[in-house]
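At position 75 of the sequence shown the residue is numbered 82 (the numbering used here), and the sequence of numbers has no breaks.
FYI, nobody ran anything at the bench for these hints, they're computed from the structure. Do not take every clue at face value.
[Unchecked claim] Pair ranges (Cβ atoms, derived):
| no. | residue 1 | residue 2 | range |
| --- | --- | --- | --- |
| 1 | Val122 | Ala44 | 20 to 30 Å |
| 2 | Gly115 | Pro16 | 35 to 45 Å |
| 3 | Gly153 | Ser110 | 27 to 37 Å |
| 4 | Leu138 | Leu78 | 14 to 24 Å |
| 5 | Val102 | Val25 | 14 to 24 Å |
| 6 | Val82 | Val122 | 29 to 39 Å |
| 7 | Pro16 | Ala103 | 20 to 30 Å |
| 8 | Ser67 | Pro154 | 12 to 22 Å |
Backbone N, C-alpha and C fix where the C-beta goes; we use that ideal spot for every residue, glycine too.
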Amino acid sequence: MAPRASRLPLAYRVFFLVIEPVSALVGAYYAHFRQEAYLRLTHAASAPQTLPIGTSIVLSQLANLYLLFALNEAVVLRCTSDLGVWRALLLVLLVADLGHLFSLSGGGSRVYWDVASWNAIDWGNVPFVYLGAAMRVAFLSGVGLGPGRGNGRAGTDKARPTPRKST
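Let's have the full structure, built from the sequences with the hints guiding it.
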């Protein structure tokens with residue numbers, strides 16, 4: 008696949024290529040196959056006794072987005088050592104992190120700070136998303152990427168010019 012990607016710091020490779028994709032697959036599994044549990048864990052007070060068909064469809068669509076998230080990291084990032092691609096994808100996922108955190112606001116501000124009341128899905132929705140966002144900010148800031156703050160291809164200091172086609 009991309010041998011030069013192995014020059015990226017181990018923390019980035021493990022988190023973006025393994026831990027986060029596996030976590031997204033767990034979310035996809037629950038959103039599609041364990042829908043009632045997913046809704047109870049998300050907000051028990053408003054979880055329906057009988058799952059409406061529309062809600063089931065939306066949860067399956069959410070599962071598909073979790074799958075897309077997992078595949079983007081696990082496959083796309085493995086296929087390239089181009090830090091421009093890594094930065095673009097991680098920037099988009101950082102925007103998604105912010106949207107994910109904002110989407111929790113409907114449950115009240117306690118979800119962001121009341122650690123004692125967190126259940127398994129809250130641990131995934133709050134601190135794990137903050138961790139992912141922090142990892143993306145660190146990568147986008149060039150932390151650990153060496154001289155040149157991560158410009159160009161993995162393991163190099165400067166971007167390589169793209170050859171131009173002659174006309």
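Results for each hint:
no., hint, result
1, Val122 <-> Ala44: 20 to 30 Å, "holds, 21 Å"
2, Gly115 <-> Pro16: 35 to 45 Å, "holds, 37 Å"
3, Gly153 <-> Ser110: 27 to 37 Å, "holds, 36 Å"
4, Leu138 <-> Leu78: 14 to 24 Å, "holds, 20 Å"
5, Val102 <-> Val25: 14 to 24 Å, "holds, 22 Å"
6, Val82 <-> Val122: 29 to 39 Å, "holds, 34 Å"
7, Pro16 <-> Ala103: 20 to 30 Å, "holds, 22 Å"
8, Ser67 <-> Pro154: 12 to 22 Å, "violated, 46 Å"
Violated hint: 8 only; the structure is consistent with all others.
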